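J.: Sequence:
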Amino acid sequence: MSQQDAFQEGNVDIISLDLMGSDLGAGELILGASKFLEINPKVRFLMYGDSKVCLPILDSYRELKNCSSFHHCDVSIAMDERPADALRRGRNVSSMWCAIDAVKKNKAGSVVTAGNTGALIAMSRLCLSKISGVDRPSLAAFWPTFKGKCIILDVGATIGFTVPHMIQLSILGSFFARSALGIKRPSVGLLNVGTEEIKGHDVLQESTRILRGGCCDAFEYKGFIEANDISQGVVDVVVTEGFSGNIAIKAAEGTVVLVSEVLKKALQRTLLSRTGYLFIKGSLQEVKDEFDPRNFNGGVLLGVDGLVVKGHGSSDARSIVNVLDIARNMSHNGFIDMVKNDMQRVRDILLDADAHEKNIMSGSSK
Numbered sequence: 047m048s049q050q051d052a053f054q055e056g057n058v059d060i061i062s063l064d065l066m067g068s069d070l071g072a073g074e075l076i077l078g079a080s081k082f083l084e085i086n087p088k089v090r091f092l093m094y095g096d097s098k099v100c101l102p103i104l105d106s107y108r109e110l111k112n113c114s115s116f117h118h119c120d121v122s123i124a125m126d127e128r129p130a131d132a133l134r135r136g137r138n139v140s141s142m143w144c145a146i147d148a149v150k151k152n153k154a155g156s157v158v159t160a161g162n163t164g165a166l167i168a169m170s171r172l173c174l175s176k177i178s179g180v181d182r183p184s185l186a187a188f189w190p191t192f193k194g195k196c197i198i199l200d201v202g203a204t205i206g207f208t209v210p211h212m213i214q215l216s217i218l219g220s221f222f223a224r225s226a227l228g229i230k231r232p233s234v235g236l237l238n239v240g241t242e243e244i245k246g247h248d249v250l251q252e253s254t255r256i257l258r259g260g261c262c263d264a265f266e267y268k269g270f271i272e273a274n275d276i277s278q279g280v281v282d283v284v285v286t287e288g289f290s291g292n293i294a295i296k297a298a299e300g301t302v303v304l305v306s307e308v309l310k311k312a313l314q315r316t317l318l319s320r321t322g323y324l325f326i327k328g329s330l331q332e333v334k335d336e337f338d339p340r341n342f343n344g345g346v347l348l349g350v351d352g353l354v355v356k357g358h359g360s361s362d363a364r365s366i367v368n369v370l371d372i373a374r375n376m377s378h379n380g381f382i383d384m385v386k387n388d389m390q391r392v393r394d395i396l397l398d399a400d401a402h403e404k405n406i407m408s409g410s411s412k
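If you're matching positions, the sequence shown starts at 47 in the working numbering and goes up one per residue.
Certain hints may be false.
What the hints assert, rightly or not - Listed next, with one range per pair, are the computed distances between beta-carbon atoms:
1) Thr321 with Arg231: 42 to 52 angstroms
2) Gly359 with Lys151: 18 to 28 angstroms
3) Lys151 with Ser178: 18 to 28 angstroms
As the list claims (entries may be wrong) - Here are the computed lysine-lysine pairs in the BS3-like style, where the Cα-Cα straight-line distance is at most 25 angstroms:
4) Lys230 with Lys195
5) Lys151 with Lys176
6) Lys153 with Lys81
7) Lys88 with Lys153
8) Lys151 with Lys327
9) Lys153 with Lys386
10) Lys327 with Lys311
11) Lys296 with Lys193
12) Lys98 with Lys111
13) Lys310 with Lys327
14) Lys88 with Lys150
15) Lys296 with Lys310
16) Lys386 with Lys150
17) Lys88 with Lys111
18) Lys327 with Lys193
19) Lys153 with Lys111
20) Lys195 with Lys81
21) Lys195 with Lys268
22) Lys151 with Lys193
23) Lys88 with Lys151
24) Lys195 with Lys153
25) Lys81 with Lys111
26) Lys98 with Lys81
27) Lys151 with Lys111
28) Lys296 with Lys195
29) Lys176 with Lys153
30) Lys111 with Lys150
31) Lys230 with Lys386
32) Lys193 with Lys268
33) Lys245 with Lys268
34) Lys311 with Lys296
35) Lys176 with Lys150
36) Lys386 with Lys176
If you are wondering where the hints come from, they were derived from the structure by calculation, not from laboratory data.
Computed from a prediction, not measured in an experiment: that's the story for all the values here.
We put the CB at the ideal spot given by N, CA and C, even for glycine.
Let the hints inform the model, and build the full structure from the sequences given.
T.: So this is what it looks like as structure tokens:
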């Protein structure tokens, strides 16, 4: 039985939910789950957290409580806790670990958390293990564009990168775009300081050379792109390493908030502007909703043998609804089974990229 079938018996989707560790507390996750249940009445939750904190809140949501199974956990992972410390203290006993373990034990089709990213990645790698052929898991997120949405990865799972890693990100990102965005053959671009072929360091140069050679028919490689190309929707999948990817996406989210606040103040400055605002209020709200970061919340950890979805630490209930929707849809589409099958098909490509990386290293050491 595939994972897709296992979690849809009776057409019911089961989501494992870590209620602890977020900035806004368990209340927002429970409220978000309640709102999501209203939209998707056939979903069920396995909830993990501190019963003293969570159960009094859950008691206020009778329908959600009836559709959930709550499991007390003595340990919660703090947002500022180092991954190694989180593993040492929380393995087998923390709400995050137990929520992930539910996916490993085929009790749930996906796990959702808004907790510590580093701890989540470390626990997921250890508990679920990596999919065969994947070197390093990566975190993929959605980005609004003038054409709809694109995907950017890595946005924080790993720092630093190699040629095989960039090829792997391109392949995993294309798989994700195919499943999440419904694009049969996504376009892929490498984020760089310029679009010219001479730009970038050796890893980017060698990566683009391999990708331009048509190494994988799962996607169309478009070459280098710059940061200002992302929102234009130049490509469906933007590939970069975790450090710059995390900075890029948070800078974009901050810019949306800045523009929104500046516009709000400008429209309240004079009587004339306040009057004009009444006529364009509806249109402005549409624009605000279209680019609201909460509507794009939810990063998917690619490369581990289980569906792991991460919400921002500051996720409110509306954000959690979006994260849960991603988890449900990806589980419904049988994403993990698809990735496992497709990774077998591209194994030779990754081995070739690894050989190129070794050639670069041997050349630089001479």
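J.: Each of the hints needs a verdict: does it hold here or not?
T.: Hints versus structure:
Distance hint check: the CB atoms of threonine 321 and arginine 231 are about 50 angstroms apart, consistent with the given range 42 to 52 angstroms. For the hinted restraint 18 to 28 angstroms between glycine 359 and lysine 151, the CB-CB distance of approximately 27 angstroms keeps it satisfied. Checked against the given bound of 18 to 28 angstroms, the beta carbons of lysine 151 and serine 178, roughly 20 angstroms apart, stay inside it. With a C-alpha separation of about 15 angstroms, the suggested pair lysine 230 and lysine 195 falls inside the 25 angstroms cut-off, and the hint holds.
Simply put, lysine 151 and lysine 176 have alpha-carbon atoms about 15 angstroms apart, close enough for the 25 angstroms limit, and the pair holds. Taken as a hint, the lysine 153 and lysine 81 pair is honoured in the structure, with Cα atoms around 23 angstroms apart against an allowance of 25 angstroms. A threshold of 25 angstroms between alpha carbons decides the hint, and for lysine 88 with lysine 153 the separation of about 16 angstroms falls inside it, so the pair holds. About 49 angstroms separates the Cα atoms of lysine 151 and lysine 327, which puts this hinted pair outside 25 angstroms; it is violated.
Distance hint between lysine 153 and lysine 386 is fulfilled; the C-alpha atoms sit about 19 angstroms from each other, no more than 25 angstroms. A hinted pair counts as satisfied when its Cα atoms are at most 25 angstroms apart, and lysine 327 with lysine 311 qualifies at roughly 14 angstroms. In summary, the hint linking lysine 296 to lysine 193 is supported, as the alpha carbons are separated by about 20 angstroms, within the 25 angstroms threshold. At most 25 angstroms may separate the alpha-carbon atoms for a hinted pair to count; lysine 98 and lysine 111 meet this at roughly 15 angstroms.
For a cut-off of 25 angstroms, the pair hint linking lysine 310 to lysine 327 stands: about 10 angstroms separates their Cα positions. Between lysine 88 and lysine 150 the alpha-carbon distance is near 22 angstroms, which keeps this suggested pair within the 25 angstroms criterion. Restraint check for lysine 296 and lysine 310: the C-alpha separation of about 21 angstroms stays at or below 25 angstroms, so the hint holds. Of the pairs offered as hints, the one joining lysine 386 and lysine 150 holds, with about 15 angstroms between alpha carbons and a cut-off of 25 angstroms not exceeded.
A distance of roughly 14 angstroms separates the Cα atoms of lysine 88 and lysine 111; the hinted pair therefore holds under the 25 angstroms criterion. Taking the CA atoms of lysine 327 and lysine 193, the gap is near 23 angstroms; set against the 25 angstroms cutoff, the hint holds. A hinted pair counts as satisfied when its Cα atoms are at most 25 angstroms apart, and lysine 153 with lysine 111 qualifies at roughly 18 angstroms. For the hint pairing lysine 195 with lysine 81, the CA-to-CA distance comes to about 24 angstroms; that is within 25 angstroms, so the pair holds.
Among the hinted pairs, lysine 195 with lysine 268 is consistent with the structure: their alpha-carbon atoms are about 17 angstroms apart, no more than 25 angstroms. A hinted pair counts as satisfied when its Cα atoms are at most 25 angstroms apart, and lysine 151 with lysine 193 does not qualify at roughly 39 angstroms. Straight-line distance between C-alpha atoms of lysine 88 and lysine 151 comes to about 21 angstroms, which keeps the hinted pair within the 25 angstroms bound. Straight-line distance between C-alpha atoms of lysine 195 and lysine 153 comes to about 31 angstroms, which puts the hinted pair past the 25 angstroms bound.
For a cut-off of 25 angstroms, the pair hint linking lysine 81 to lysine 111 stands: about 13 angstroms separates their Cα positions. This hinted pair checks out: lysine 98 and lysine 81 have alpha carbons roughly 23 angstroms apart, not beyond 25 angstroms. Only pairs whose Cα atoms come within 25 angstroms are accepted, and lysine 151 paired with lysine 111 is accepted, the gap being roughly 22 angstroms. For the hint pairing lysine 296 with lysine 195, the CA-to-CA distance comes to about 16 angstroms; that is within 25 angstroms, so the pair holds.
Taking the CA atoms of lysine 176 and lysine 153, the gap is about 19 angstroms. The hint holds against a cut of 25 angstroms. Restraint check: the Cα-Cα separation between lysine 111 and lysine 150 comes to about 24 angstroms, which is no more than 25 angstroms; the hinted pair holds. Under the criterion of a C-alpha separation no larger than 25 angstroms, the hint pairing lysine 230 with lysine 386 is consistent with the structure, at around 18 angstroms. Of the supplied pair hints, the one linking lysine 193 and lysine 268 holds, its CA atoms being roughly 17 angstroms apart against a limit of 25 angstroms.
For the hint pairing lysine 245 with lysine 268, the CA-to-CA distance comes to about 15 angstroms; that is within 25 angstroms, so the pair holds. Annotation: proposed proximity of lysine 311 to lysine 296 holds, straight-line Cα distance about 23 angstroms (limit 25 angstroms). Taking the CA atoms of lysine 176 and lysine 150, the gap is about 12 angstroms. The hint holds against a cut of 25 angstroms. Simply put, lysine 386 and lysine 176 have alpha-carbon atoms about 10 angstroms apart, close enough for the 25 angstroms limit, and the pair holds.
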